[in-house]
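Q: Here is what each chain is made of, one letter per residue.
There are 2 protein chains.
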Amino acid sequence: MSKRIYFNAFHMNCVVHQSPGLWVNPDDQMHKYTDLATWVELARLLERGKFDALFLADVIGIYDIYGGGPGAALRQATQVPVNDPALLIPAMAYATENLGFAFTSSVLQYHPFIFARLISTLDHLTKGRIAWNVVTTYLDSAARSLGLQGLHPHDQRYDIADEYVEVCCKLWESSWEDGAVVRDRLRKTYVDPSRVHPVHHAGRYFKVDGCHLSEPSPQRTPVLFQAGSSPRGREFAARHAECVFVTGPKPVVSQCIRDTRERARRMGRNPKDILFFLYAKIITADTEAAVQRKYVQYLEQLNYEGELALFSGWAGIDFGPIDLDQPLEYVETNAVRGLMEALSAGGSGRKWTLRNLVKGRSGVIAGTPERLAEIFQEWVELGVDGFNLGYVTTPGSFADFVDGVVPLLQRRGLMQTEYGEGTLREKLFGKGCARLPASHPDAQYRADNGSAQEGPHS
Amino acid sequence: MSKRIYFNAFHMNCVVHQSPGLWVNPDDQMHKYTDLATWVELARLLERGKFDALFLADVIGIYDIYGGGPGAALRQATQVPVNDPALLIPAMAYATENLGFAFTSSVLQYHPFIFARLISTLDHLTKGRIAWNVVTTYLDSAARSLGLQGLHPHDQRYDIADEYVEVCCKLWESSWEDGAVVRDRLRKTYVDPSRVHPVHHAGRYFKVDGCHLSEPSPQRTPVLFQAGSSPRGREFAARHAECVFVTGPKPVVSQCIRDTRERARRMGRNPKDILFFLYAKIITADTEAAVQRKYVQYLEQLNYEGELALFSGWAGIDFGPIDLDQPLEYVETNAVRGLMEALSAGGSGRKWTLRNLVKGRSGVIAGTPERLAEIFQEWVELGVDGFNLGYVTTPGSFADFVDGVVPLLQRRGLMQTEYGEGTLREKLFGKGCARLPASHPDAQYRADNGSAQEGPHS
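Sequence lines, in order, name chains A and B. First residue of the first sequence: 466, per this note's numbering; consecutive thereafter. First residue of the second sequence: 466, per this note's numbering; consecutive thereafter.
A portion of the hints provided could be inaccurate.
[As the list claims (entries may be wrong)] List time: in silico BS3-like cross-link candidates among lysine-lysine, alpha-carbon distance up to 27 Å:
#, chain 1, residue 1, chain 2, residue 2
1, A, LYS746, B, LYS653
2, A, LYS672, B, LYS672
3, B, LYS592, A, LYS497
In short, the hints are calculated from the structure, not lab data.
Using the sequences and the hints, build the whole thing.
A: As structure tokens, this is what we get:
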């Protein structure tokens, strides 16, 4: 059997995630995002299709760069209104047995002491199926909403995230020893206090002085996802990430994977302990002609105002005054010039306009199931381990994939036909890997490691 | 029909909430608190028994005063380990239709911008069945865990809570007008940006500058619970609370209710817009003899170390060095003397020792269903509207109540036989009361009120 390919569904607790405009399509049901039934049905569909996980993105601010305000994002419901992703998971977990749940939480969002308990609770309730996508937040509006003047400079955001993960891992890995919960009815002792240790952390950005509130969950530390591709982002990924979310043209993705694995190796990790997931929005049908019809309809329904609200937010550039079809090389601002340099790293040599930027960034992979299997394998040969599948419509896109593509991938040995046993980490990395491997830098905080541990107290 | 009595189940996402030692009882299943099935079954039981709500308490620190450390609390699993309560709600909400869900969240726990979205998300997912118990946190260990030097002085904690509620209500009530979500396919407009307004709040303790991330939920502001009974606590309750949780001997409770209602009246509220819930731990059986047997068994299984860990945490006094049966009037410390003065306000004139303090504070109401109905009505005549029922064992105590007591109360017209329609607030206060009444001080922030609103932007 070939190496199996991993698949996550890429989603968000809102109306419009990555396909602005498509909410007008009657196949799209995401106006029901406030209804738990929508999510429970999606989770059951994904589990039927043997997806590894549902990956829930999140933002804690509004895209308000485009046009100088949040008007475009609001009109197109583009990642706003946006509800808390973590609260969807318990209902979906209760309705499924094996599907993993990854969700985004920014290091700006919670004090790490509170967040550590949130994760432990979810990991308990899902019986070890939780992954955390660590993000630093790129929306200045989020920082202002939280009472800050604005975001910290880019690399400092990763310094903050490094310390945040450190604090969380100290709480998850070092505070409660495995044998702490004894539940000894005869001795009337539920917890052995000599095996519970306070964390004393006084760093540059965070301070914690106390015991973790939760007993150890099946995974202790959740499976760690990360998505940044800058040099500092890769360094962060190499230190912490077990799964990395990548996007872009083939040379860019390939180089990012090689570089990140090499950085991980230098940190003493096995480079194969990191899985790389490519973002892709799948359009599929039985025949090439039907695929083409669907793709044309997608392009017709795609809303450029909504797309550019997102794109302006990511790039930090207001694209509002720029015509959709104006060649960007003639837009004489430093910001756009920087963007052009980044794009030319892709080496396509094409003439960039906002219109083809939008089309190009959309990550669409269109094809019959046979064609998709070929495309997936091309990416796998470049070093990609799996895919984060965005949607054109929900449940449409996922139903098409589960019913149309999954059986073919399974027949070819490219996708799992049954879930592995154990926690999400075991399902991804194999039996016995319920927790962080010893070579993971964040395993250093483990209670049995000694260095972070204190003497017993009572 | 007599005025119906309200009933909540009082619980917590942990092994031992208010009955330390009872985990050794085979009837108690709370060692399965990490399993969603435990909670879904409890919610279904409560809904079958027409309970108004499940009230989930919480702490974000460890009880570490008794014996100078967390040893006692840990040994007895007394409110530690303790997981996040909010994450239990979605699975229970999906399995029920009418049961309300109240949960405790401290104003130390989240930035109000993040908390406001958490509540809006839950209110959406439950279709308007959420209540928030606003607490200021009494455990110094919580403050230290969050990197603070310690708790703020008592009254200042309520100043912080006042501002916290203010910020949340601005986000819930003023940021999105009711007509903001238009979902107009023809005009390709999901949200009308002219009806979404940023909140600009720069106060003494909190700063927010941005739009609420969630569209209006069924209740907007959740039903507001509060529990503090100090003068400053009552002032806070009179301003914000719609439900107040009370405990103590009859004269104390009665005076607290009268005083709080009078304070509310002076703030322009209808004093009847506040419901008072008495804490009670029910022990019931068919005959007086069986009740007595159960009560004796409860006292035998009650663990004093666990009880005193809680009691030391609440009082801020280490009871570790004091003998269980030593008359407290001879303990010559200022802290204990202050406690004695508070207790003598109850007017019982009894001789207090730690042993009878523990028994006295336990809130047990034991009796046959007939006797319980009489006791409930005595309290109702004092001004109590309902009860927060703690448990001896779970599901034991609630099953006993639902099967043994509820039918009798329903026959006598003392308990609802069907749920009212609409949101939790409507179920509690009547049809048409989905949202905060106009006379509620926090309704001043409403978008249609004008004062907190800005001109349209886009």
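Q: Is LYS592(B) close enough to LYS497(A), meaning Cα to Cα at most 27 Å?
A: The given pair, whose Cα atoms are some 12 Å apart, holds under the 27 Å limit.
Q: Please verify whether LYS746(A) and LYS653(B) have alpha carbons no more than 27 Å apart.
A: holds (22 Å)
Q: Does the alpha-carbon distance linking LYS672(A) and LYS672(B) stay inside the 27 Å limit?
A: Status holds; Cα separation ~21 Å.
In summary, this structure violates none of the numbered hints.
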